[in-house]
Amino acid sequence: MSSRFARTGYLGFLRQTQSITEDGELHDAVFVVGALEETLMLRGMRYHPVDIESTVSRCHKYLGDWLFLFFSAVFTWSHLIVVVAECTGAENDALDLVPAVTSSVLEEHYLIVGVVVIVDPNTIPLNSRGEKQRHLLRENFLHDQLDPIYVAYNM
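Okay, so the sequence shown: first residue is 1 according to the numbering used here, each after it adds one.
Take these hints with a grain of salt, some might be off.
Claimed, not checked - Cβ-Cβ distance ranges computed for the label pairs, FRET-style:
#, residue 1, residue 2, range
1, 151, 6, 40 to 46 Å
2, 147, 50, 22 to 28 Å
3, 25, 110, 34 to 40 Å
4, 154, 27, 44 to 50 Å
5, 107, 142, 24 to 30 Å
6, 57, 12, 22 to 28 Å
7, 151, 57, 18 to 24 Å
8, 95, 31, 37 to 43 Å
It is worth saying that the hints were derived from the structure and are not from the lab.
Computed from a predicted model, the values in this text were never measured in an experiment.
Glycine included, C-beta positions come from ideal geometry on N, C-alpha and C.
Use the sequences and the hints to build the structure in full.
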């Protein structure tokens, strides 16, 4: 394989894998992990928000009949992980989502969530391709423009 690379802004790795075709030979494959600009650097390690968001979305789809987790986004603020979760339900019931989020992220990624913000659906900004705009969400959080249902600080 050639040693030429292109700077795309995405992180990835090469790995030899068996071909699906009938030749059965090993071929180099490129696996794209995520965008470099969206990675979180915490304690000298690089984390991808998508991995943490996936953990949050699996932590508790349903908490009774009153709460459904739609969408979540993760970013850092002053070296703290902030999880913003969109969900429906009563305001006082959103409180039950906080321990599920913090414990699942701790168990799977060994990270402590500093802030959990519960917001109404369609609060997390998306671009025209439907991708989360984490930088805009972070700015909205920092400028107190999210209108949260509940905010839990774990500092």
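Going back to the hint list, which numbers does this structure go against? Of the numbered hints given earlier, the structure breaks none, since each of them holds.
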